[in-house]
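First residue of the sequence shown? That's 0 in numbering that gives the first Met the number 0, and the numbers climb one at a time after it.
Calculated from the structure, these hints are not laboratory results.
Careful, some of the hints might be misleading.
Quick list of in silico lysine-lysine cross-link-like pairs, DSBU-like style, CA-CA up to 35 angstroms [to be verified]: (1) Lys125 with Lys93; (2) Lys127 with Lys44; (3) Lys270 with Lys125; (4) Lys10 with Lys213; (5) Lys343 with Lys87; (6) Lys213 with Lys124; (7) Lys93 with Lys213; (8) Lys93 with Lys270; (9) Lys46 with Lys124; (10) Lys93 with Lys308; (11) Lys93 with Lys343; (12) Lys319 with Lys125.
Simulated DEER-style distance windows between Cβ atoms [said to hold, decoys possible]: (13) Ala342 with Ala12: 29 to 39 angstroms; (14) Pro40 with Glu272: 36 to 46 angstroms; (15) Asp28 with Trp338: 40 to 50 angstroms; (16) Glu165 with Lys46: 23 to 33 angstroms; (17) Val264 with Lys319: 23 to 33 angstroms; (18) Lys191 with Ala253: 25 to 35 angstroms; (19) Pro260 with Asp28: 46 to 56 angstroms.
Glycine included, C-beta positions come from ideal geometry on N, C-alpha and C.
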Amino acid sequence: MVSYPENQIIKDARALTEHFVPSRILHRDGQLTTLRDCLMPMTHKKKMRNAFLYGPPGSGKTCISRYVCEELTAHAPGVAYVYVNCWKYPSRFKILLSVLNSLGVVLSVHRKGTPTDELLDVLRKKAKERSIVVILDEMDKVEDPSVLYDVLETENVGLILISNEETALHNVDERVRSRFASAEFIEFYRYKTDEIVDIVRDRVDWGLVPSAIKREQIESIAEHANGDARIAIDTLHVAAELAENADAARITDAHITKALPRASVLSDTKKIEMLNMHQKILYEIISAAGEVEPSDLYREYERRVRAQKAEPMVERTLRKYIDRLLTSGMVEAKGEGRWRMYAKRSGG
0 MVSYPENQII
10 KDARALTEHF
20 VPSRILHRDG
30 QLTTLRDCLM
40 PMTHKKKMRN
50 AFLYGPPGSG
60 KTCISRYVCE
70 ELTAHAPGVA
80 YVYVNCWKYP
90 SRFKILLSVL
100 NSLGVVLSVH
110 RKGTPTDELL
120 DVLRKKAKER
130 SIVVILDEMD
140 KVEDPSVLYD
150 VLETENVGLI
160 LISNEETALH
170 NVDERVRSRF
180 ASAEFIEFYR
190 YKTDEIVDIV
200 RDRVDWGLVP
210 SAIKREQIES
220 IAEHANGDAR
230 IAIDTLHVAA
240 ELAENADAAR
250 ITDAHITKAL
260 PRASVLSDTK
270 KIEMLNMHQK
280 ILYEIISAAG
290 EVEPSDLYRE
300 YERRVRAQKA
310 EPMVERTLRK
320 YIDRLLTSGM
330 VEAKGEGRWR
340 MYAKRSGG
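Work the whole structure out from these sequences, hints included.
And the structure:
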């Protein structure tokens, strides 16, 4: 039996993050089987069936897509997969560059000097060497949906799209919608509390030393997660760190109570880190003001951007950035027309 230092709580911190791909998937048998069936043709050097995964945050979409792709590449050495979060890389250029970087392509690029079509040419060459699965997470954050068509038109490349919204494909190019008419649409429901309990217990087995947390405490974490596995895992991670930093022998109820609001803040912090400079300024203004009218928001935005010796974005682009903050749930809109106000999300 492995022995651990006294008062050690965390055994493997990687298992306490949303990026960890577990060795088994719980409570998603139907979705797992369907996605496997989509990718199965690639094991026989045939084209996969494209897939669209949708459902609320923390319902297992990202985890399952990566799990199945890890499984695929282990059994089919001639296949590679890449994962891109479109919230972090929203432009056509950044998405293609991220795909190539994940494939091990090292390019000396300059945003204004390297044509996007040049990146596309490199992707086509890589796809001749091996089949590729591209996972585009949070695809509704894509600024130029033509990149979806770029990928779909590339020989030997399959596409998995992930979104919280079932309607995310409604606003894309007709060519993309046409190509995805034959794709597999896979719905993910919010987890039940007892399912979250099982998921957290699995992460506990991987990430914490034995007896670090009680069953009732795991149940408490699950109840507060409201069906969101990511919130539950973040809560477990924060509670474990609090206990370890306090040199405690195990996680206490007090650690969990303190971790609950921090896990929610952690979720927002991750989103903020992915914003560009202009989006962060908009978010900061709205957060500080409590409520702000669009005209006042634009005026203060311009002032702050110019103070940083930068050029403000045009109003049309700003509206797109505000829409992004709204759809992410970081801010909310109140009222309509001339009475419209923006505010930080209640409880956020």
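| request: Would you pick out the hints that fail for this structure and give their numbers low to high? | output: 6, 7 and 19
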